[in-house]
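Q: In case you want the letters, here they are:
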Amino acid sequence: MTYLRPNFRHPELPKNALGYTRQYYEGRLSTLCAGCGHDSISGAIIQACFEMAIEPHRLAKLSGIGCSSKTPTYFLANSHGFNSVHGRMPSVATGANLANRDLIYLGVSGDGDTASIGMGQFVHAVRRNLNITYIVMNNGCYGLTKGQDSATADKGSINKTGVANQFQTIDLAGLAMELGATFVGRSFSGDKEQLIPMIKAALVHEGFAFIDVLSPCVTFNNNTGSTKSYDYVRDHIEATAAVDYVPVKTEITAQYAEGTNKMIRMHDGSLVELHKLAPGWDPLDRGLAYSRLNESRAKGEILTGIIYMEPQSRDLHYMLDTDTRPLNTLNEADLCPGQEALEVINSENR
Amino acid sequence: MQQLSSINDLVIRFANVNGTGSASANNLFAKSIFRMGIPVTPKNIFPSNIQGLPTWYEVRVSDKGYLGRRNGIDIMVCVNPQSMKNDVESVRPGGYFMYDSSRPLAKQYLRDDIHYIGIPMIRICQALFPQPRQQQLLKNVVYVGALTALLDIEVDVVKTLISEEFRKKEKLIPLNFQALEAGIDYVHKHYQYPLGLRLERRNKVGNWIMIDGNSACALGAIYAGATVAAWYPITPSTSVVDAFTKYAKRLRTDPVTGKKKYAIVQAEDELAAMGVVIGAMWNGARSFTATSGPGVSLMNEFIGLAYFAEIPAVLIDVQRGGPSTGMPTRTQQSDILLAAYASHGDTKHPLLFPASPKECFEMTAEAFDLAERMQTPVMVMTDLDLGMNDHLSPPFEWDDSKQFDRGKVLNAEDLEKVKEFGRYLDVDGDGIPYRTIPGTHPTKGSFFTRGSSKDEYARYTEEGEAYKRNMDRLLKKWETIKDLVPGPEISGTGNSKEGLLFFGTSAYAALEATDRLGTAGVKVDTLRLKAFPFNAAVRDFIEQHERVYVVEQNRDAQMRSLLMIELGIDPKKLISILNYDGFPITAGLIVNGILKFHPEVQAIVGNGQQAGPGDATVNRKL
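Keeping their order, the protein sequence lines are chains E and V. Going by my numbering, the first residue of the first sequence is number 1, and it counts up by one from there. Going by my numbering, the first residue of the second sequence is number 351, and it counts up by one from there.
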């Protein structure tokens with residue numbers, strides 16, 4: 001970890017559409033181990049929000065407990081943050097989202113937080129298609145308590161003490177698919193090229209946008225025999241497609257070979273452009289995506305990229321038919337029926 | 351044989367089979383009495399079952415307006431063979447046992463000290479209605495008809511209620527009338543009527559209403575502007591959210607857009623329900639959950655978070671019999687200590703104790719103001735008796751000029767003015783800091799919320815001094831809270847050496863007991879707790895009396911413990927009167943508890959528990 005960070009910034013650092021530099025999107029100094037994959041993901045979040053010119057106060061960042069859940073302190077210092085209880089971020093995010101549908105919600109969790117203690121809440125947030133970008137920083141182990149296997153550790157993966165994991169792994173991307181998630185992506189903390197546009201696409205997706213990011217634990221799970229080490233992940237990665245995120249007002253200029261790219265229009269009018277790497281790939285076909293994911297797993301590949309997305313997805317507010325105004329802006333006149341209505345109720349009970 | 355005789359003073363119990371349509375007939379009976387202007391209190395005694403098991407409905411009629419439960423059943427209407435043996439035994443000597451005489455009563459059910467009234471309910475229905483389901487449902491109306499004749503209930507009142515009930519299914523009205531009249535006719539032909547126990551029109555309920563506490567809590571949440579409700583189904587709190595759903599649909603649907611000005615989430619469990627509430631409140635929307643003891647157990651971790659991170663939350667705890675699954679369909683006040691100190695570490699939480707539907711309405715609404723003012727979870731401690739039974743209640747009132755108290759929330763304008771914002775800075779010296787809602791200001795007022803220790807500026811810290819400063823400020827806030835929560839209701843002359851302290855649904859029985867004792871020459875002053883933490887008036891009351899009886903509906907005298915812990919009261923001074931068999935407490939039990947300390951009076955009055963029916967008997971014995 002770095003204890004010192006120079007305050008000096010070049011006066012001509014690039015600014016985004018809001019006039020903010022990238023620095024404005026940073027957080028406090030990370031206290032995670034040097035080389036932790038999580039810090040790279042924080043960097044990708046900062047870069048994505050900077051490039052998208054998100055107003056920091058229009059985004060709320062939420063997390064559970066664990067190394068991963070500490071990271072919201074290390075990005076977007078000008079956003080409200082909520083470091084909740086272990087495995088319970090999805091419910092807090094649900095309440096927050098119901099209170100104000102106009103903010104962007106970014107949830108950060110870990111493999112222990114999501115696949116073990118918080119499995120129930122994760123599953124139900126997916127079911128409700130809560131409008132949130134939900135990033136799991138997945139390192140296959142419990143870092144803060146010194147390296148115990150987590151439920152996403154692959155069967156046979158060897159941990160730092162030399163013991164092979166005997167239990168079935170929980171593949172969170174596969175689970176999200178099974179549960180009907182409307183956006184499922186997987187990436188690698190070391191692949192910013194892929195991760196940054198994927199986060200952007202997730203942030204504009206209406207509904208539950210899930211990103212499973214393999215993020216090696218340098219201290220407890222980066223040894224030979226671990227399937228979540230930097231070396232292993234790099235050797236086994238299999239990308240579905242390269243992703244480009246095109247904001248609403250930008251003219252599309254990039255050119256790709258015909259037949260290999262797919263443009264997906266999001267709710268806000270922006271475009272997600274996928275450049276297919278794998279033949280027969282269609283991220284809009286849940287069945288195909290699911291079987292491709294399973295095939296890769298059987299072959300020992302780590303399939304990355306946007307695995308599936310449903311551009312026409314509608315979120316929890318749509319299902320509940322809530323007012324278009326954020327509920328937290330409604331006042332007495334909107335909410336309190338008054339004495340007259342109460343007198344009617346009184347008379348109904350006589 | 352003894353003949354019971356009284357006007358507007360009786361207890362009648364209906365023994366039914368769950369799921370046979372008896373509930374609406376029984377309600378019809380109770381409501382008829384209410385419409386005759388006579389104070390009445392019905393109670394469901396039901397199993398944790400949907401169909402097939404015994405269920406009872408007990409109605410107490412009291413000319414004097416005593417609305418608590420009373421021991422001693424004067425009339426048993428038994429339409430359930432399963433429970434008949436116990437039902438026969440439970441009738442007090444001289445009482446009446448009404449049964450379906452379509453088949454003869456087995457000898458084992460015969461007692462020589464009670465009266466039997468056989469009404470061939472099913473046979474009457476078989477003659478009148480072709481369909482078996484109709485026969486089963488209308489059998490219940492036949493016994494209401496029989497009781498109408500026997501107790502001298504006004505037929506027009508019953509018919510009006512039937513017409514109102516089936517306003518939307520008009521075809522059913524004549525069928526119900528037929529069944530009602532058949533019951534009346536049968537009594538007219540075969541029995542002397544009315545009985546010595548009978549009813550007479552009064553004007554004693556005024557403009558009062560009859561409603562269950564759970565509906566009242568739901569209305570309180572509607573009026574307080576709650577927009578997010580999160581819950582997990584659990585008896586006996588489910589009907590809070592059912593009622594909220596019903597009223598919200600009616601009162602909170604935008605007439606122009608048809609959009610809902612509320613959101614209800616049936617969560618995956620109580621943990622999540624509380625998480626939703628905290629998330630919504632953190633983000634500036636009023637939110638609540640309703641649950642019972644087992645749910646509060648699960649919500650403990652989140653309650654601790656809300657306490658420490660200082661996030662408002664409203665929780666309605668409709669208490670039931672514990673521990674564990676306990677007696678899920680019976681009443682108790684046994685979550686007091688659980689709620690007061692919920693969660694690990696040093697925590698304490700404000701509690702409110704409503705004693706009537708009107709207070710359920712008002713205190714639920716007030717809970718939102720308090721929670722936001724104090725930035726902490728507030729729990730409304732009601733119980734199954736109050737929540738699921740209809741109670742007579744003063745009508746609900748709302749002051750239309752009332753503004754919600756959103757507490758110390760800084761808006762964008764405020765943030766421009768303040769020199770520095772520290773989420774946990776004690777600016778006003780009352781221990782309550784200022785908060786901001788996400789999305790308020792582009793550059794000012796953001797902070798990080800967490801359950802771990804932090805300094806005044808919401809920065810994570812493991813520094814002992816900073817942690818202690820924060821914990822001490824929370825204690826200072828607790829002192830402030832003592833004067834924000836409602837004070838107790840005290841009555842009596844103040845000259846008595848004895849005090850009677852109670853809360854929640856024990857109030858009905860306690861006030862009746864006080865009257866009975868007063869007649870016997872035992873004067874006690876009373877204090878009804880309305881909230882925790884206790885303010886100075888509670889301490890003063892206890893100090894002013896030599897002995898204070900503490901009435902509560904749990905085994906371990908939890909409120910007494912709380913008084914001892916929080917006020918440092920000498921245990922010897924606090925005498926427990928406890929009721930924990932799952933039935934609502936009776937005045938008799940309280941009278942007995944107090945008379946133990948008055949042997950001279952006990953010798954005259956006898957056992958208060960068996961002193962029914964009501965005060966008439968007590969008076970006579972005196």
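Because the hints were derived from the structure by calculation, they are not lab data. Misleading hints may appear alongside valid ones.
[Unchecked claim] A short, non-exhaustive set of chain E residues, derived as facing chain V with CB atoms under 8 Å:
| id | residue |
| --- | --- |
| 1 | 57 |
| 2 | 91 |
| 3 | 116 |
| 4 | 119 |
| 5 | 120 |
| 6 | 161 |
| 7 | 165 |
| 8 | 235 |
| 9 | 294 |
| 10 | 295 |
| 11 | 323 |
| 12 | 324 |
| 13 | 335 |
Beta carbons are placed, not taken as given, at the ideal position from N, Cα and C, and that holds for glycine.
Q: When the structure is checked against the list of hints, which entries are broken? Sort them ascending.
A: Violated: hints 3, 4, 6, 7, 8, 9 and 10.
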